[in-house]
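Residue numbers (full-length UniProt numbering), protein chains in the order written: chain S, 1 to 385; chain A, 1 to 385; chain G, 1 to 385; chain R, 1 to 385.
Heads up, none of these hints are tricks.
If several chains are the same, the list does not tell them apart, and a pair holds so long as it fits within one copy or across any two.
List time: in silico DSS-like cross-link candidates among lysine-lysine, alpha-carbon distance up to 25 angstroms: (1) 274 to 233; (2) 181 to 233; (3) 380 to 180; (4) 255 to 380.
Just so you know, the hints here were simulated from the structure itself, not pulled from any lab data.
If you want the building blocks of each chain, they are given just below.
Number of protein chains: 4
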Amino acid sequence: MSEKQTVSVALIGYQFMGKAHSHAYRDLNFYFDNPLKAELKVIVGRNEASVKEAQEKFGFESYETDWRNVINREDIDVIDIVTPNHTHAEIAIAAAEAGKHIITEKPLALNVEEAKRMLEAVRKNGVKHMICHNYRYVPAVQFAKKLIEDGKLGRIFHYRANYLQDFIVDPNFPLVWRLKKEVSGSGALGDIGAHSLDLARYLIGEFDEIVATMETFIKERPIGEMTGGLSAKGDTSQMGEVTVDDAVTVLARFKNGALGTFEATRFATGNRNKNKFEINGEKGSIRWDMEHMNFLEVYFADDEIGEQGFRLVNCTEEEHPYVGAYWPAGHIIGYEHTFIHLIDAFFRGIASDTQPTPNFEDGVINQRILEAIEQSAEEKRWVKI
Amino acid sequence: MSEKQTVSVALIGYQFMGKAHSHAYRDLNFYFDNPLKAELKVIVGRNEASVKEAQEKFGFESYETDWRNVINREDIDVIDIVTPNHTHAEIAIAAAEAGKHIITEKPLALNVEEAKRMLEAVRKNGVKHMICHNYRYVPAVQFAKKLIEDGKLGRIFHYRANYLQDFIVDPNFPLVWRLKKEVSGSGALGDIGAHSLDLARYLIGEFDEIVATMETFIKERPIGEMTGGLSAKGDTSQMGEVTVDDAVTVLARFKNGALGTFEATRFATGNRNKNKFEINGEKGSIRWDMEHMNFLEVYFADDEIGEQGFRLVNCTEEEHPYVGAYWPAGHIIGYEHTFIHLIDAFFRGIASDTQPTPNFEDGVINQRILEAIEQSAEEKRWVKI
Amino acid sequence: MSEKQTVSVALIGYQFMGKAHSHAYRDLNFYFDNPLKAELKVIVGRNEASVKEAQEKFGFESYETDWRNVINREDIDVIDIVTPNHTHAEIAIAAAEAGKHIITEKPLALNVEEAKRMLEAVRKNGVKHMICHNYRYVPAVQFAKKLIEDGKLGRIFHYRANYLQDFIVDPNFPLVWRLKKEVSGSGALGDIGAHSLDLARYLIGEFDEIVATMETFIKERPIGEMTGGLSAKGDTSQMGEVTVDDAVTVLARFKNGALGTFEATRFATGNRNKNKFEINGEKGSIRWDMEHMNFLEVYFADDEIGEQGFRLVNCTEEEHPYVGAYWPAGHIIGYEHTFIHLIDAFFRGIASDTQPTPNFEDGVINQRILEAIEQSAEEKRWVKI
Amino acid sequence: MSEKQTVSVALIGYQFMGKAHSHAYRDLNFYFDNPLKAELKVIVGRNEASVKEAQEKFGFESYETDWRNVINREDIDVIDIVTPNHTHAEIAIAAAEAGKHIITEKPLALNVEEAKRMLEAVRKNGVKHMICHNYRYVPAVQFAKKLIEDGKLGRIFHYRANYLQDFIVDPNFPLVWRLKKEVSGSGALGDIGAHSLDLARYLIGEFDEIVATMETFIKERPIGEMTGGLSAKGDTSQMGEVTVDDAVTVLARFKNGALGTFEATRFATGNRNKNKFEINGEKGSIRWDMEHMNFLEVYFADDEIGEQGFRLVNCTEEEHPYVGAYWPAGHIIGYEHTFIHLIDAFFRGIASDTQPTPNFEDGVINQRILEAIEQSAEEKRWVKI
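Looking at chain S on its own, in the form it has when it is part of the complex:
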């Protein structure tokens, strides 16, 4: 174990996701026998005071205020991008050209064109790439995937997903970067809907066509900025236009014939982070909800009649993906662990010279769906994926 190889990481960005990624690098080898271990070389942010504080807290060796200063450093193996969405493409392409492995937050980019250029860059330069759809790495979700692949649900009829938040219901919540199209690309759609769409692809396969509608319930907000993961402060004397969606609803048809419904909203009062899905197949069904992420509700149609019912499976057994590395059955894990699993997959990809998933290919497809949804909402028609 002492002969473990080290991967040097430069983290571009340091807020909500910066913290989640940093923690994952630190905890990875405590729990998992990954062949690689991270060396937290440098963290990058434009605000020097803030990035310095993050550097100390997260345990990086140094900090920088301009990502261009680190992208070509020879002592860096991985560029980890957790900045706002409009910067992903430039940084990722530069990193690829510098021969760095890349992991980036979702959505991959502002649009399909950018996303494709990013994919092209990582392909051309032969680096490993990953996009942080961390919910794929919830043990219960991976177990759902296994059940589906094992044919335990049979032919899939329905996929229904909601991603419900409520952090901007208050009209005084300020106009932060997440609410500006030029920075974030879209609103609830790209921020949380993207996760639901990715999970659907992961679990039951590719989309065929969609129709969608989007709404911005509060059109103007006070100018302001994020102060934490999903918190912010603003100045109500200055108002600005919200240029992204507050909510999006989608009907989908999948290539396998299944019907899908999707909803992503930041206006579902009482739901802080309700990311859930239900899948109905001919032989069984599955329900899952991130607020109870350790549990999977599973129904098998061939259980004895009279004894049929959704089983509440606490996915904390040795048999369930990843959790054997933690605690005895019945002892739950939390949100942050999804990132550990994702980094575990990323490093295994690097170590074994194979592409981990989800990667930029998934990012491009996801971006295509996001763009189709925006197009559908605008043109009020079905759009092929």
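For this one, chain S is given, so just place chains A, G and R on it according to the hints.
Coordinates of chains A, G and R only, in the frame set by chain S:
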């Protein structure tokens, strides 16, 4: 009380809904101080042996095998129509012209044109009319309505509803009348989706426009017939084409600006009769599920921070609609009670010469939405309501 | 069916339980093919205005104000006793001597001595007798019984039951008959604890020994009387001593080696009528809760590892006891239906000349346990049953 | 932050709890602004291969195979004891005499006499001491404590707790140290029941008297040893006697007049680690369950009538203890985080020269209750605490 006036009822049809209605007439005055009481005069069905059995079991004075024989009888005050959908219009119009009060199962008719003629007939003849959207009469649902009307949820952003069943997932479930367009008009859409659409109108208001898609997962089935509420037997040697939808998904925009998502399916394995909705408003949210019909989950945004959460309200208190007539708080009621409340409203309408709701006007609007959904699914476009 | 034999019923008492029993007689033959049907002959109560109102509402042919006037009437087959507990013995013994079949509310009597005399009387006179532990007749509970009898849980290790109410937490709730030892025998113990104890006996077998403690949290209350099932009004200017327990907790050992814990209280704020139990066996476990009475949570240890979990079984299928008589799967029933099933069993006992259960023998055993619990609480020691 | 003082830790033991503690030391400063940070100096275990593996995995600088070699080392500030229970006293007393701060797993010792000697030692030597009742440090539990202290529940009537596990239901689960009285002191009682008892004391106050019973369902098991947190392997050819309880049930009276019921068992099939409690007060109630540790169910009696119900509070808001250090509201944490909070409190105690809680005083009281329970079970009588 002994001077209670009697209403003579002729029930056309005697299966699932016939039983539910018969029971409601019988139990009404046991629980409620309704000014009227039912006299179960005659029950009508084409199969003499079956209708005779129903007559005895349900407690009707007599039976008939042709509804035409009862529609003009002077000793009949109410015609209650629980036959398959394609017969509603003819019976209802004849009943209206005979001056009878009418209560009919949903959906009102096979199409808007029929529905309008029915409405015209009851209006012209000045009779009371009602459509059996019984879920409006769940105490928890009526309490939800009250909360919304009292402004406890504020502006409404979202309405999301699923009506999930699974009784025809088996491809050998036969081609019964519920699966034939000429008899039932549509499949999951009119049978269960109609309930969800009506609840949405009742709770948050009128639809503005919709887009929808429909699917028939199993295209051919053995010829057969219903043997009970949702059970059937068939003959696999003879196959026939399923001409209705197995599932329908809908996006909606309401006139008040809210977004809606709807799904009705008979292919949601593990869900026997999962009729549920969630409503998100600026000041609160509500969740409800017919399988746990006595409970309403309610969230108030102005609860103290840290103590906020969905409250599981057992709607069995004196303060909740209807249930004061039953048992002490905490003692639940069931599916059949919704029909008692509906008949209670119907009879109060007759007694006070006012139109109960939901009535044929609601039926026409509902039919218009059903038709718009079918049109949208066929033409793959948004349709105004 | 028209040749169904009639059983003439005299109901002694007319409040909460009077209503529940009356309803059951009325609905029995609507749902079930019982060989007998009830004729509601006479209802008895001391307050003439109230009993007259009940007579009309519940549909009895006549009323009386003294039970002695009906007990020997030749046209009466069944005496149904729903009066306060201190009157059970006298009425039941008189009824037995008059050769009437008897059904009585629980607890059977004020003490074991009374209970034994009652049992002796019914035995000597060869009448059918039943005690209304209606929770045995919840379909989910009967299905639990079946699972246990089929060996699906294997050897039983644990039985834990709570019966939690909160209707007298307010110190101004008056001193009604339920709070007076001379009328009710005991408080939470006999009123609700008795149900839990009976369910335990029904499901896993006889008690061996118990230790218990009892508490009266509010020692004095305003004088007053019941105004409904569990509601009351009082006069705070006059106070009286509460002479029964507000709460009781019990440890038990069963003859089969299982451990039991029981708790009955009227001071469990927020729990209106939370009657629940959990059973753990070597091969499986069961959980049930009357507020969600249609559901049984079932765990099977031999489900595949990784897919194990409590199944939420909605006991509304044809395979589940009694419910096939009602509605399609997924359509729930309520509290009142338990009495229909119990009366169904009572009448079948009469028709087939066999003793239904639970009957006075169960009542005597239950009374012995109640008495042992009081003794244990008083003497602070374990008591053999 | 760079001037943070370092605390050197020697960890005695390296299995389930060793891992949990090690992780807590590592993650503490990532999330919390604790004035101190841990230096993981040395880990101790008798099996050299295993402890070496643990040293590398957990990140300790070195390892030792005899705790006596580290107890007096000048470079050690803290002795952390996670060995089997029979070794706690000797190690802790030696550590106290060496002037080390001590944190030890529960139960404190094998008996009250040992526990008292330990308390005496830490007092005499003026070191900080803590006992790892980590469940006190669940944010939802701390929030429950706050609600109670703020008087939101009013006078407390009931405390009911279950700690249900099922890892030894299989009679072939071997006779590991946890099942030997001379090593572990007791079985379910000391291992998990001790947690429930501590939570009760923490939340509502001191015990007055108890009565209890204990049972060993499987008297003989194959000889074997633990292979993980709660897993083991054995050799069925050699059987040995189980000398601890498989299950214990307890009735309690608290000094404040509340009634308590407790149950701890390893034979509750289907319950992997179901640690739960419910508290009923005159003004409100609380329910909590470790499997859903982030949630607290809270009922307030003064909520508007009709809108009353248990609120499902996701304790992940800034307002809830500790969780502000992690992720935005709605993003849950897991089992391991309880140890981070506990270590945070331990280090703050060291830094500020104040005794953290729970400490050896709590351990002594807890031990007294454990001993009283054993005495009560043996002598079959109530025992004063």
